[in-house]
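*Asks:* Sequence:
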Amino acid sequence: MQIQLLKSKIHRVKITQAELHYVGSITIDEALMEAANIIENEKVQIVNINNGERLETYVIKGERDSGQICLNGPAARKAQVGDVVIIISYATMEFEEAKKYKPTIIFPDGQNKLI
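Sequential numbering of the sequence shown, starting at 1, is according to UniProt numbering.
Each hint can be trusted.
Pairs of lysine-lysine residues, derived as DSS-like cross-links and limited to a Cα-Cα distance of at most 27 Å, are as follows:
no., residue 1, residue 2
1, K78, K14
2, K113, K61
3, K14, K61
4, K100, K43
5, K43, K102
6, K43, K113
7, K61, K43
8, K61, K102
9, K78, K61
10, K7, K100
11, K78, K43
12, K99, K43
13, K102, K14
14, K7, K78
15, K113, K7
16, K78, K113
17, K7, K99
18, K14, K43
Ranges between beta-carbon positions, derived for each pair:
no., residue 1, residue 2, range
19, V47, L114, 16 to 24 Å
20, Q111, M1, 41 to 49 Å
21, E19, A98, 33 to 41 Å
22, V84, E34, 16 to 24 Å
23, N51, D109, 19 to 27 Å
In short, the hints are calculated from the structure, not lab data.
None of these values were measured; they are calculated from a predicted model.
Ideal Cβ positions, reconstructed from N, Cα and C, are used throughout, including at glycine.
Please work from the sequences and hints to get the whole structure.
*Replies:* Quick look at the structure:
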């Protein structure tokens, strides 16, 4: 049996941009991606703390150490610049493997920088 569980989480970062006229996705600072064990094109869930919105999209690599968190395309309607979000990725694993798995969770500072 396989189950889905938390793989990675970027906890409480601020949206720095919202670009409606773009193909779609979320752009994330490359340093945050690496620290959270998230790769480009990976599917993520975005949870907006300010308004309760939830959405799924894929990741685009942003400029390293920029603090960039940009919602692109239709997702830009789900948050405003300054909103605080949680970015979550999941993995599918065998049940016994999942019992031992430890997710990667990072807690950036108020400027979306690694602490």
